[in-house]
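In order, the protein sequence lines correspond to chains A and B. Read left to right, the first sequence gives residues 371 to 730 (my numbering). Read left to right, the second sequence gives residues 371 to 730 (my numbering).
Since the hints were made in silico from the structure, they are not lab data. Among the clues, some could well be false.
You can't tell identical chains apart in this list, so a pair holds if it fits in one copy or across any two.
[As the list claims (entries may be wrong)] With a cut-off of at most 30 Å between alpha-carbon atoms, the simulated DSSO-like pairs for lysine-lysine come out as follows: (1) K570 x K517; (2) K442 x K613; (3) K490 x K517; (4) K728 x K548; (5) K548 x K570; (6) K728 x K704; (7) K548 x K613; (8) K490 x K674; (9) K728 x K570; (10) K464 x K538; (11) K728 x K422; (12) K517 x K464; (13) K613 x K490; (14) K728 x K517.
Number of protein chains: 2
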Amino acid sequence: MLNRRDFVRLAAATSTVASLPASLLSQAPRKLRYAAVGLGRISLQHFMPGTKVSQYGEITGLVSGHPDKAHKYAEEYGIPASNIYNYENYDQLKDNPNIDAVYIGLPNSMHAEYTIRAAKAGKHVLCEKPMANTVADCRAMIEACRKANRKLMIGYRCQLESTFLQAKELLRGGAIGKIQAIESANGFNIGPNEWRSDAKFAGGGPLMDVGIYSLNACRFFLGEEPGDIKATAYTDPSDPRFKGVEETIGWVMKFPSGVIATCNTTYGAPMESFIRLHGSSGVLEVFGFGYEGIHMTVSSRVRKDIQPHPDTRKDPGQFTTESDYFSRCVLDNKEPGPNGEEGLRDMEAIERIYTAAKKA
Amino acid sequence: MLNRRDFVRLAAATSTVASLPASLLSQAPRKLRYAAVGLGRISLQHFMPGTKVSQYGEITGLVSGHPDKAHKYAEEYGIPASNIYNYENYDQLKDNPNIDAVYIGLPNSMHAEYTIRAAKAGKHVLCEKPMANTVADCRAMIEACRKANRKLMIGYRCQLESTFLQAKELLRGGAIGKIQAIESANGFNIGPNEWRSDAKFAGGGPLMDVGIYSLNACRFFLGEEPGDIKATAYTDPSDPRFKGVEETIGWVMKFPSGVIATCNTTYGAPMESFIRLHGSSGVLEVFGFGYEGIHMTVSSRVRKDIQPHPDTRKDPGQFTTESDYFSRCVLDNKEPGPNGEEGLRDMEAIERIYTAAKKA
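Take these sequences, add in the hints, and give me the full structure.
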């Protein structure tokens with residue numbers, strides 16, 4: 371019998387994993403085989419190339435409403451035609467043993483349906499943020515994956531990103547003392563005719579799409595859920611870009627520990643995104659929630675030895691990490707950190723923010 | 371008759387301004403003669419030394435409850451004993467022709483009374499921010515100065531500061547396009563036994579003292595008043611520093627133009643203070659509201675020629691400017707920019723922020 375090291379050497383030497391007997395494969399550190407659902411920018415430019423160079427993941431299937439596009443990328447990724455699906459025959463994934471999981475890179479409004487159908491087809495699900503358009507949908511997604519005994523992860527890249535992890539470690543270790551206040555912003559100037567600014571597809575505006583990074587980062591760094599939430603929002607009624615969604619929304623949250631967080635997001639300005647944490651003994655600021663270049667500064671009155679190590683990976687490095695992380699969760703049967711409950715918590719807060727913004 | 375240039379030369383040569391006939395003085399660019407009311411840190415370390423080296427102001431009187439302290443500084447500033455007052459005989463300022471104006475550097479709760487009494491004594495008033503503890507007090511101060519035909523200015527240094535002025539000019543000129551969102555924070559870690567964290571003297575917590583800079587800067591840069599205001603606040607009930615005031619408060623404001631501003635302030639952390647404006651075509655950030663070192667960065671997609679000129683003056687340079695500015699307003703009979711109405715507007719917003727923070 372081959373041990374794991376032998377297997378890795380053999381696999382590297384022969385690239386004939388598929389031809390190995392199943393008894394061997396079951397012991398091997400095999401790759402999680404993903405079908406990418408939705409061939410938009412995030413799948414094509416980020417998740418798929420990121421997974422291609424990952425250690426534990428590979429793209430073995432595609433789901434798209436555009437056959438030409440699907441066939442083009444199937445060729446690029448060496449995917450057989452039998453592993454190409456569309457939104458009608460998606461449920462037939464259940465009969466395909468060469469696909470273990472799906473990556474949902476669809477517009478927000480489709481996350482719930484395609485997660486639930488994937489779970490019913492016996493596939494694990496890595497779903498982009500925001501998890502869904504409503505709390506009810508998030509709950510249904512969690513329940514579907516629980517019933518099917520499938521893993522569910524939400525694509526919170528930053529929770530796996532090295533600067534965020536270092537920052538969290540520093541904060542937990544008291545590097546800036548007791549955290550008192552947080553400010554954060556994230557936003558961009560959206561173009562015309564984007565599904566992201568149409569409530570029907572996006573469920574909301576910049577809060578759902580990019581403000582969620584500020585919200586999630588606050589929760590991630592503090593490890594607690596917001597209590598009091600207040601908000602106000604604005605949409606230019608003459609701007610045709612915004613179909614039922616806010617243009618800009620600002621909100622303030624009080625956490626049980628007493629931290630007050632103020633966050634701002636817009637589709638009307640190229641924001642310099644950041645999250646700044648003010649503690650009794652210092653300041654820690656992380657710059658950017660983007661696909662590369664995340665870095666931080668720390669000013670501490672209690673620790674002089676801190677060396678921030680910026681994330682020097684180039685895009686799609688964060689997606690490689692995310693893909694590998696979820697693959698390992700499935701292969702090792704471990705619950706992902708940013709699981710369905712994590713996505714649900716954000717959506718609960720988002721619904722509360724929208725409700726708060728409507729209050730007089 | 372001496373002309374102005376002759377007068378200046380004569381004054382410089384002889385320093386005998388006081389002995390010149392009144393007819394000459396009335397034509398001369400004479401200095402505004404201030405009595406400093408309250409000999410705390412801001413008077414002693416900032417306003418008085420700043421005025422000492424100013425072009426149009428001088429300290430000719432002192433008002434203090436501590437005779438020893440008053441006499442010590444009277445000697446330093448060459449002030450005759452007849453120009454030293456206390457809080458009981460303060461109203462006798464009306465009989466002193468060598469004092470034109472007062473600088474109110476007292477705890478917030480005393481601003482209204484000592485402004486109104488000064489106006490009744492016929493003196494112009496430069497009063498520190500926050501203007502008073504209540505909107506009602508602000509209105510009474512404005513009315514008292516109006517009735518007495520005396521100028522009233524609130525000490526909003528930043529409105530006279532070079533970086534703020536350059537920033538306002540750039541924003542007005544469209545350097546970052548349409549302003550969409552603002553984030554700001556200001557705060558510090560307060561020591562024990564400060565009047566600033568006692569509601570009786572301060573009227574409120576960090577919002578009144580330092581958060582007001584964020585509020586005022588938003589209003590100053592936008593040139594409009596906030597509409598919707600939401601807020602949340604926290605005070606550690608076990609922290610003896612806070613006597614009836616908030617420890618941290620965050621608030622969000624919607625302005626008529628659609629700008630959403632999120633602001634945060636605390637007495638529990640040494641904040642890196644800033645105000646960041648996000649526009650459709652760029653970002654402008656001013657760092658600091660402090661006594662020196664204010665600077666900015668601008669990232670503009672429409673203008674590549676912007677050269678920020680940081681304020682290189684050392685403290686008390688900003689107070690020299692402030693003192694000179696108010697002196698010129700009085701001497702030239704011009705209404706100050708940051709007048710009583712300006713202080714009132716901030717106090718109206720502050721009362722609304724506190725009310726909003728109490729709402730469920």
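Here's how the hints hold up against the structure:
1. K570 x K517: within (29 Å within a copy, 60 Å between copies)
2. K442 x K613: Answer is neither: 33 Å inside a copy and 69 Å across each miss the 30 Å cutoff.
3. K490 x K517: Within one copy only: 9 Å inside a chain, 79 Å across chains, cut-off 30 Å.
4. K728 x K548: between (33 Å within a copy, 24 Å between copies)
5. K548 x K570: Between copies only: 27 Å across, 42 Å inside.
6. K728 x K704: Answer is neither; intra-copy 40 Å and inter-copy 43 Å both fail.
7. K548 x K613: Cα proximity of K548 and K613: across copies only (20 Å, versus 42 Å in one copy).
8. K490 x K674: For K490 and K674, the Cα distance exceeds 30 Å both inside one copy (53 Å) and across copies (56 Å).
9. K728 x K570: within (19 Å within a copy, 35 Å between copies)
10. K464 x K538: Answer is neither: 39 Å inside a copy and 62 Å across each miss the 30 Å cutoff.
11. K728 x K422: neither (44 Å within a copy, 53 Å between copies)
12. K517 x K464: Within one copy only: 15 Å inside a chain, 85 Å across chains, cut-off 30 Å.
13. K613 x K490: The answer is neither: 33 Å in one copy and 58 Å across copies each exceed 30 Å.
14. K728 x K517: Neither: 36 Å inside a copy, 43 Å across copies.
In this structure, the hints that do not hold are numbers 2, 6, 8, 10, 11, 13 and 14, in rising order.
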